[in-house]
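Residue strings, one per chain:
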Amino acid sequence: MLVSLLSFCWILFYINALTIGGGYAMLPLLQAEFVERHRWLTNQEFLDALSVGQLSPGPLTVMNAFIGFKLHGLTGAFLAVVSSYLPSMIIVTLAARYYYAYRESEIVSSGFKGIKAAVIGLLAAVALSLGSTSLADAGTILVAAGSFVALNFTKSEPTFIIIAAGVLGALIF
Amino acid sequence: MDMIDFSLMADIRTTGPVSLRSIFLAFLKMGTFAFGGVYSMMSFFERELVQKRKWITHDEYIESVAIGQMTPGPPIINTGICIGYRLRKIAGALTATLGQIFTGTVIAILLAALYMKAEHYPFIKPIMKGIGASVIGLLLSIIIKMSGRSIRDLKTAAIAISAFVCLAVFRLNPILIILASAIAGLLLFRKRCS
Chain G
1 MLVSLLSFCW
11 ILFYINALTI
21 GGGYAMLPLL
31 QAEFVERHRW
41 LTNQEFLDAL
51 SVGQLSPGPL
61 TVMNAFIGFK
71 LHGLTGAFLA
81 VVSSYLPSMI
91 IVTLAARYYY
101 AYRESEIVSS
111 GFKGIKAAVI
121 GLLAAVALSL
131 GSTSLADAGT
141 ILVAAGSFVA
151 LNFTKSEPTF
161 IIIAAGVLGA
171 LIF
Chain Y
1 MDMIDFSLMA
11 DIRTTGPVSL
21 RSIFLAFLKM
31 GTFAFGGVYS
41 MMSFFERELV
51 QKRKWITHDE
61 YIESVAIGQM
71 TPGPPIINTG
81 ICIGYRLRKI
91 AGALTATLGQ
101 IFTGTVIAIL
111 LAALYMKAEH
121 YPFIKPIMKG
131 IGASVIGLLL
141 SIIIKMSGRS
151 IRDLKTAAIA
161 ISAFVCLAVF
171 RLNPILIILA
181 SAIAGLLLFR
191 KRCS
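Chains as they are written, first to last, in the numbering used here: chain G, 1 to 173; chain Y, 1 to 194.
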């Protein structure tokens with residue numbers, strides 16, 4: 001139990017320290033660790049965590065508190081928060097102090113440029129894997145397509161789209 | 001403007017240091033009411049911190065956003081850490097983060113508690129089914145938006161496609177893919193030193 005709690009914290013720490021490009025950039029690594037490697041969550045549960053992260057205000061990473069609570073209770077949620085934001089705390093304060101050196105660093109910026117491009121491909125693979133779990137019938141495919149259209153072609157807030165989809169789900173499924 | 005020393009920022013303010021309590025409350029408000037995409041949050045932050053409270057200037061804000069985006073971790077949190085750090089050093093950075101994540105984390109934990117009793121509440125499953133489908137649609141539109149920013153030429157497109165194939169087809173460990181793409185970035189994009 002303690003070992004799995006520690007490795008849970010370590011996973012969140014290293015993922016937050018390595019991924020650049022927003023909360024979504026972490027999804028491929030989170031899925032690989034929690035679902036594929038350790039099998040702490042099913043693909044469906046991971047998707048549910050992502051849904052909660054999307055639904056809650058603030059950054060997507062609050063989904064880590066959801067996962068922490070599900071796996072290890074309140075301690076897990078608390079440690080998930082600490083492990084998720086500790087890397088940011090260290091790296092950002094250093095980057096703010098040495099901003100110009102950091103900004104001009106070719107090694108940092110060219111490496112990150114590669115990572116940011118790769119993240120798109122990884123995220124597409126994750127969308128495919130999660131989609132095969134959640135898009136089970138014509139109804140779910142319609143909801144996904146509708147959300148996509150609403151977000152791309154109207155100015156709707158993602159949170160309201162998700163709430164609408166939840167209400168729709170309660171009515172039709 | 002290129003040689004501003006951030007460590008002096010707090011000292012040149014005439015109004016005295018901003019209290020940790022007001023940093024917490026400002027970021028609590030932003031973390032609670034900032035829905036939607038990064039861009040709507042960014043303009044909300046600017047309104048609150050630059051225009052209303054005048055804690056930082058527009059340029060300082062833009063620089064904090066830049067730092068937030070070029071550091072690992074959630075950019076919106078990193079921007080907050082950077083602003084908190086400028087206002088009150090480490091204590092300010094911690095306070096800003098706490099304020100920003102407080103509401104979302106509490107809601108996520110409450111939902112987790114409810115979710116774990118889902119079998120007692122049959123209405124939860126169809127709701128999650130609807131939301132889960134919708135999230136896939138959102139994910140696709142986010143991938144498209146992110147590609148617009150990160151995929152600019154053939155090299156970046158090649159990295160993205162290789163990463164997709166490595167994960168979707170060969171099921172390689174994504175951390176290896178990330179590290180390999182960083183090395184590819186170094187090899188492809190680093191300007192040759194003369």
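Just so you know, the hints here were simulated from the structure itself, not pulled from any lab data.
Backbone N, C-alpha and C define an ideal beta-carbon position, used for all residues, glycine too.
Wrong hints could be hidden among the right ones.
Unchecked claim - If you anchor each label on the Cβ, the simulated ranges turn out as follows:
{"#": "1", "chain 1": "Y", "residue 1": "ARG21", "chain 2": "G", "residue 2": "TYR98", "range": "26 to 36 Å"}
{"#": "2", "chain 1": "Y", "residue 1": "ASP153", "chain 2": "G", "residue 2": "VAL149", "range": "38 to 48 Å"}
{"#": "3", "chain 1": "Y", "residue 1": "LYS117", "chain 2": "G", "residue 2": "ILE107", "range": "47 to 57 Å"}
{"#": "4", "chain 1": "G", "residue 1": "ALA138", "chain 2": "Y", "residue 2": "ARG171", "range": "37 to 47 Å"}
As the list claims (entries may be wrong) - In silico DSBU-like pairs for lysine-lysine, Cα to Cα no more than 30 Å straight-line:
{"#": "5", "chain 1": "Y", "residue 1": "LYS52", "chain 2": "Y", "residue 2": "LYS89"}
{"#": "6", "chain 1": "G", "residue 1": "LYS155", "chain 2": "Y", "residue 2": "LYS191"}
{"#": "7", "chain 1": "Y", "residue 1": "LYS145", "chain 2": "Y", "residue 2": "LYS191"}
{"#": "8", "chain 1": "G", "residue 1": "LYS155", "chain 2": "Y", "residue 2": "LYS89"}
{"#": "9", "chain 1": "G", "residue 1": "LYS155", "chain 2": "Y", "residue 2": "LYS145"}
{"#": "10", "chain 1": "Y", "residue 1": "LYS125", "chain 2": "G", "residue 2": "LYS155"}
{"#": "11", "chain 1": "Y", "residue 1": "LYS191", "chain 2": "Y", "residue 2": "LYS29"}
{"#": "12", "chain 1": "Y", "residue 1": "LYS191", "chain 2": "Y", "residue 2": "LYS155"}
{"#": "13", "chain 1": "Y", "residue 1": "LYS29", "chain 2": "Y", "residue 2": "LYS89"}
{"#": "14", "chain 1": "Y", "residue 1": "LYS54", "chain 2": "Y", "residue 2": "LYS89"}
{"#": "15", "chain 1": "Y", "residue 1": "LYS145", "chain 2": "Y", "residue 2": "LYS155"}
{"#": "16", "chain 1": "Y", "residue 1": "LYS29", "chain 2": "Y", "residue 2": "LYS54"}
Evaluation of the provided hints:
no.: 1; hint: Y:ARG21 to G:TYR98: 26 to 36 Å; result: holds, 29 Å
no.: 2; hint: Y:ASP153 to G:VAL149: 38 to 48 Å; result: violated, 29 Å
no.: 3; hint: Y:LYS117 to G:ILE107: 47 to 57 Å; result: holds, 49 Å
no.: 4; hint: G:ALA138 to Y:ARG171: 37 to 47 Å; result: violated, 29 Å
no.: 5; hint: Y:LYS52 to Y:LYS89; result: holds, 22 Å
no.: 6; hint: G:LYS155 to Y:LYS191; result: violated, 39 Å
no.: 7; hint: Y:LYS145 to Y:LYS191; result: holds, 27 Å
no.: 8; hint: G:LYS155 to Y:LYS89; result: violated, 37 Å
no.: 9; hint: G:LYS155 to Y:LYS145; result: holds, 14 Å
no.: 10; hint: Y:LYS125 to G:LYS155; result: holds, 28 Å
no.: 11; hint: Y:LYS191 to Y:LYS29; result: violated, 43 Å
no.: 12; hint: Y:LYS191 to Y:LYS155; result: holds, 14 Å
no.: 13; hint: Y:LYS29 to Y:LYS89; result: holds, 21 Å
no.: 14; hint: Y:LYS54 to Y:LYS89; result: holds, 18 Å
no.: 15; hint: Y:LYS145 to Y:LYS155; result: holds, 18 Å
no.: 16; hint: Y:LYS29 to Y:LYS54; result: holds, 16 Å
Of the numbered hints stated above, those contradicted by the structure are hints 2, 4, 6, 8 and 11, listed in ascending order.
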